[in-house]
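Taking the hints as your guide, dock the two standalone chains into a single complex.
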Amino acid sequence: MKIIESLFIEQNDDMFAGLSEVLPLAPLPDSKLPAFRLEIDPELVLIFYKIDTDTNLYPEILENIFPHLERIVLLTSAEDIDNFKIPAFVLQKMEEYSGSFTAVVVISLNDDSRRGLKEPYVDKGLFLGEGSHLFFWNPQQRDDSLRIWKKMWEKFI
Amino acid sequence: MFEIAVYLLDEKYRREILSSLILPQYLVHLSSDIKEVLSFCETDLIDVILVWPAKKQLVSNLLDLLRKHQQDYLPVIPVVRNHEDFHAVSTLAIANVIQIPLPRKEFFSILNTVLDAKHAGDMAASPFPPLEESIEKTSLLEALDISHNNENNALISINAAGHIGRVYIRKGQIVRANFRALEGMDALRKLVILQNIDLTIHYTEVDEEDLLGIETGEILSELTSYSQELHTLMKKLDSGGETYRTSENIDPDSYRKDKMKRTILSLCRDSETIFNTFAVMNQENLQILKSMQELLDKGALISSAAGLPLIQEKKKKNSLKTLFRRLERFWQKEKQKEEELPPEKASSQDTEDLSEFMPEIAGKNVRIGKLDQSTINKIQNFLAEL
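Protein sequences, first through last, are from chains S and D.
Position one of the first sequence corresponds to residue 764 (the working numbering), numbered consecutively onward.
Position one of the second sequence corresponds to residue 3 (the working numbering), numbered consecutively onward.
Honestly, I wouldn't trust all of these hints.
Unchecked claim - Under the rule of at most 20 Å between Cα atoms (straight-line distance), these lysine to aspartate or glutamate pairs were calculated in the DMTMM-like manner:
#1 D/Lys-261 to S/Glu-826
#2 D/Lys-380 to S/Asp-804
#3 S/Lys-765 to D/Glu-286
#4 S/Lys-795 to D/Glu-220
#5 D/Lys-57 to D/Glu-38
#6 S/Lys-765 to D/Asp-374
Claimed, not checked - Far from chain D by the CB rule (all over 10 Å, computed), these chain S residues:
#7 Asp-776
#8 Gly-781
#9 Ala-789
#10 Pro-822
#11 Gln-903
#12 Gln-904
#13 Trp-912
Stated by the list, open to error - With beta-carbon atoms standing in for the labels, derived distance ranges:
#14 D/Arg-271 to S/Asp-804: 31 to 39 Å
#15 S/Asp-776 to D/Leu-67: 29 to 37 Å
#16 D/Glu-296 to S/Lys-765: 20 to 28 Å
#17 S/Ala-851 to D/His-85: 54 to 62 Å
#18 S/Leu-909 to D/Leu-94: 53 to 61 Å
#19 S/Leu-791 to D/Met-187: 14 to 22 Å
#20 D/Ser-34 to S/Asp-793: 19 to 27 Å
#21 S/Glu-784 to D/Asp-272: 38 to 46 Å
#22 D/Asn-152 to S/Asn-846: 55 to 63 Å
#23 S/Glu-917 to D/Asp-260: 16 to 24 Å
#24 D/Leu-388 to S/Met-764: 20 to 28 Å
#25 S/Lys-765 to D/Glu-217: 22 to 30 Å
#26 D/Asp-74 to S/Pro-797: 29 to 37 Å
#27 S/Arg-905 to D/Glu-211: 32 to 40 Å
By construction, these hints were calculated from the structure, which means they are not laboratory data.
No residue lacks a Cβ here, since even glycine has one placed at the ideal position from N, Cα and C.
In isolation and in its complexed conformation, chain D is listed as follows (with noise of 0.2 Å):
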């Protein structure tokens, strides 16, 4: 991933450039304020700053805030919206220059090798340990012994196929992970668990604060015995293969009631792989790998170790854009009846006119009674609170 600042002098380009600059490739630090790219170049690590659109003055002054920061080292590129300021701009000490418009594969074209090239010029001629390593074929748990062993202050950002976390160490000990909605020892079991990650140490200064309040030591010996026991485990899950779809003779809606069951038919309704079903759910691994067991156990799962061909099922969905439709033409009633007839009278026929309504929309497909009665209890206990 790659971490952009963009310098923003038209708002109108704000849009554009967040949803064209995005995660999991781009990661964008985006403001109108000079004072606050500096910050931004200061305290994140930026690849590359982007000065949208630029005006020769404005370059210029960034470079120089740049010169005096000590920060002059990262490539800047103006994007110029005419011939005269791409002239202008050309003059100064910037990586490249784009104008705008510009097809999007010509853009990231010119991106991409303003940010290769610093990648590589950052690896190679740093006479210092890198700022930054990609260690794509070590595990976390390498990383975290690493980082520990040698007491750094590092952010540890791993992708694996678009799922996304992040480990915060100060001084060797771990004070924060996260893993989308997930925090500290539930995201740090999701993570250490994913295969094929890329992941990439950042050696910075870190102030998160310590929200794990457990010993590094601990924590790690914890996750390794976790890794090996859901590994063992692993390997017993039916005949240890590592994809798995739902059967075509079940009905998810058989498992309406238990919610881990119905989202692992879910998911492997074309197939999926094990680790992915760990990424995707927010539940335990241990009790992911125990539904699924049972899953296997009932035939509702089946596993490619079986030797069963894996049919690319494409199941019959039922459209929510019923809904809408029928809720447009609703309305359009509704309204027509206000219209046209006293509302005495279009109150008597509701009945009859909203039952055309009732069981179509989301058909059966729909689950219902997801939650469980206690939870729900909480949340309307809370909300009658307020």
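Isolated chain S, as found in the complex (with noise of 0.2 Å):
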């Protein structure tokens, strides 16, 4: 079985819950980190870990987690990207593995902020670097939650 597991840095708690709702996510019970499991099929399972940007807790889980991670997601809102912070511990792991996952971005925001931007830029995100990709999102929209988990797994290149 092949598992790809990801990391959810939130900013709040309804973020990732709001994403997710598109999603048939099961909970992970044994794990003391927030994790959710997502099977693809019997041979493909998805892993998402979930913090908050204000908790260090879960150290050593990390710890263990970080070279595994295909992706790290960081989840803000329009309003409060200016106070994102990655909590110390995630942001020193983030460092030392620097390269082995992708960066998203995704920052929730309604329709008309959006207006500044060219519409390849609303469909396919914005270009951070080589493998890292901001996207906008808008929470009231259901196709808009899936057509982000869509993008999400897109090869970047």
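This is the structure:
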């Protein structure tokens, strides 16, 4: 079985829940870190770990999962982005393992805020560097949540 | 590891407690419901109960409840907030009392004194076989074999430098094993190869469903062969050194298409033991060994047994802080643009403005295309059907 692990760092409690509402996630009851499982098929499972920006819990667990992470997804909102702060321990690990994961930034905002962007950027996200992307997300729209999930797993080049 | 039940009477302490009492030293069961606290004591192997914050009457109620359910052998430590409560609870049959605020060092000193006393008492005084055995020098295979032969109900906890696994045994049969996200045989193959383990057998009821569905005799036989094969191959690996480091001349980016080799090179940047490499990686140990051999053959990996000094190599790291600085600047610019320019004009300048942020964020250290195409297709197909 192939297991693909991702870490979500959210600025407030609702963001991961809102984004993942469209997915049939199952919580991992044995995990000390909040974690969810998405079974793609019997041979492929995605595991999503979730932490808050203001926590420094679980250093031992994070120490163990970092080498396996395929994606690190930063969830923030347009209003709060100035206050977004990655926990120090996580930041240290991100630097240590930079190059072994793809960084995805998801910023929630309403449609009006996107008007300054050209359509290709709305659709494909912003190119922040090799293998890193930024997406805008409208939490009010189910299709937009699905779009984020699809884009998140595209091969970034 | 000690298991601690916390009877939480003020939610504001929840975060502090959970961030202070952490694995691998402490496993916390926390509830504000006294009945649930009792249920922890009856179903888990609790070492101590903390009442946080405590009042005399509440502690007294808890002690009564524990007595009625024959759980009064468990030490109780009330955590109080003032002198009055300190003196009030001190009259009760408690193991110790902690008054907060208290320096962290002193807090753990009191807690550990009670825990150590309980553990020593458990091991020395009981005429019965101990409920819990810490057999650090016994291998997991031996422990599994013993539990199998004795038809025990047991939970075996394994801690190897923070890598934690559990094996559940019901009437001598292994019914479940996990190690991080790995389950079943995948987890057992990782667990049997771990070194310097703290291994604890909890003799307890096990209600876990049988997720393996394989007769334990067969499992033990397979694990024994597997372990022997792996050790034989490890001895053959290069010149048999147990510690490896990535060659200074190698650029891990040149292995961007090979996930396993890239991970190995990342792990061994500052030198790493082969056992820790097995523990940290989810892939099958034999495949890891094969990749390590290939890396050694190409000189990308160097064995400690080759007689080369293991230089602590500090790779220049590309800070991801940059990402957020850039992002913040971008966002500020976007806001400015929206304020200063009509939408059409702002739109026409996007390409130029955004291009400034394109190359620098994570630089060439960020790996791309790590997932193979068939995996991506599977995920995309799954999402398309939602």
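- request: Of all the hints given earlier, name the ones this structure violates by number, lowest first.
  value: Numbers 4, 10, 13 and 17, in rising order.
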